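Colleague: Sequence:
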Amino acid sequence: MAQRLIGAVEAGGTKFVAALAREDGTVLAQTRLPTETPATTFPALADFFAAASAAHGPIAAFGVASFGPIDIDPASPAYGTFTTTPKPGWSGARFHDALSRFGAPIVVDTDVNGAALGEWQAGAGQGCRTVAYTTVGTGIGTGVVRDGRPLMGISHYESGHIPMARDAARDPFPGHCPYHGDCLEGLAAGPAITARWGQSLSQLGSPDDKVDLIAGYIAQLATALVLLHMPDRLIFGGGVMKAPGLLDAVRRETQRRLGGYVQHPALDAGLERYIVLPGLGDEAGITGAIALGRQALS
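The number in the numbering used here is simply the position in the sequence shown, starting from 1, with 11 added.
Hints were generated in silico from the structure; no laboratory data involved. Nothing here was measured: the structure is a model prediction, and the numbers come from that model. Just so it is clear, CB atoms sit at the ideal spot from N, CA and C, and this is done for glycine as well. Mixed in with the good hints there might be a few duds.
[What the hints assert, rightly or not] DSBU-like mimics (lysine-lysine), calculated; alpha carbons at most 30 Å apart, straight line:
1. K253 to K221
2. K98 to K26
3. K98 to K221
4. K253 to K98
5. K26 to K221
6. K26 to K253
[Claimed, not checked] Here are the computed distance ranges between Cβ atoms for each label pair:
7. G216 to G103: 40 to 46 Å
8. G271 to R15: 47 to 53 Å
9. P99 to A13: 40 to 46 Å
10. L39 to G281: 39 to 45 Å
11. H107 to L39: 20 to 26 Å
Using the sequences and the accompanying hints, generate a full structural model.
Modeller: Have a look at this one:
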């Protein structure tokens, strides 16, 4: 029997990655679109899927892994709608506006939930029951997957806006978040680092004092994730995490903060197997979006 086709969208704050794939994950067509406004990006997205469908066959389902905040409650009448996102022009936009013309079911989740699902399925989270995936880039967010299902409450998790313990003498930077100032995203996301020092960590040459400062904030989140979710593994991706020395510094500071309180074989000495980079690299998001589309098929 021929495999059904899935339309997958990884919607980021800078770019959209769209793909048409078979159920087994084989990608038949793929494109990248700049994240401009819904009035320009949504029609371009629909045009891509129309052309891909004409070439390869009808689309049976869509999986969307998107930046937010966004309504991901399937029971909500606003399902798939952006809410208080700081991305200009996107509040109130809904993915169904672009994709409903294809008459296929649509599953919408966050970009980090999608990446977590992709890593659980085919990346660094393989063999784990519970995986927490955090991206540290233009924004900061965490997705938690257990047994192949992303977790949520009344909405998706917002780890990037957790308040941070900040030593004002060591770090006088007041924070870059328009809502909270010195929350995690306001202190450690890419725009916050550039606002503080004028360059990214990698462009600065990743000096130890600056790496240690950013690692300290990220480690506060890592410690909270361990204590709240007890995941089998923590995966950290995003552009900021590519800075030399940052991952090792996060491991050291997380271990120090845990203070030996959590004793389990999963937490190896030095946390080198526990806190890791994505196994799928930059492909985690679109892999997860395809997996969400597979859920829509069922």
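Colleague: Give a verdict on every hint.
Modeller: Hints, one by one, checked against the model:
1. K253 to K221: Distance of about 14 Å is within 30 Å: holds.
2. K98 to K26: holds (12 Å)
3. K98 to K221: At roughly 28 Å apart (the allowed maximum being 30 Å), K221 and K98 satisfy the hint.
4. K253 to K98: holds (24 Å)
5. K26 to K221: holds (28 Å)
6. K26 to K253: The hint holds at about 19 Å.
7. G216 to G103: 40 to 46 Å: holds (42 Å)
8. G271 to R15: 47 to 53 Å: For R15 against G271, whose Cβ atoms are near 50 Å apart, the range 47 to 53 Å holds.
9. P99 to A13: 40 to 46 Å: holds (42 Å)
10. L39 to G281: 39 to 45 Å: holds (42 Å)
11. H107 to L39: 20 to 26 Å: holds (23 Å)
Taken one by one, the earlier hints all hold for this structure without exception.
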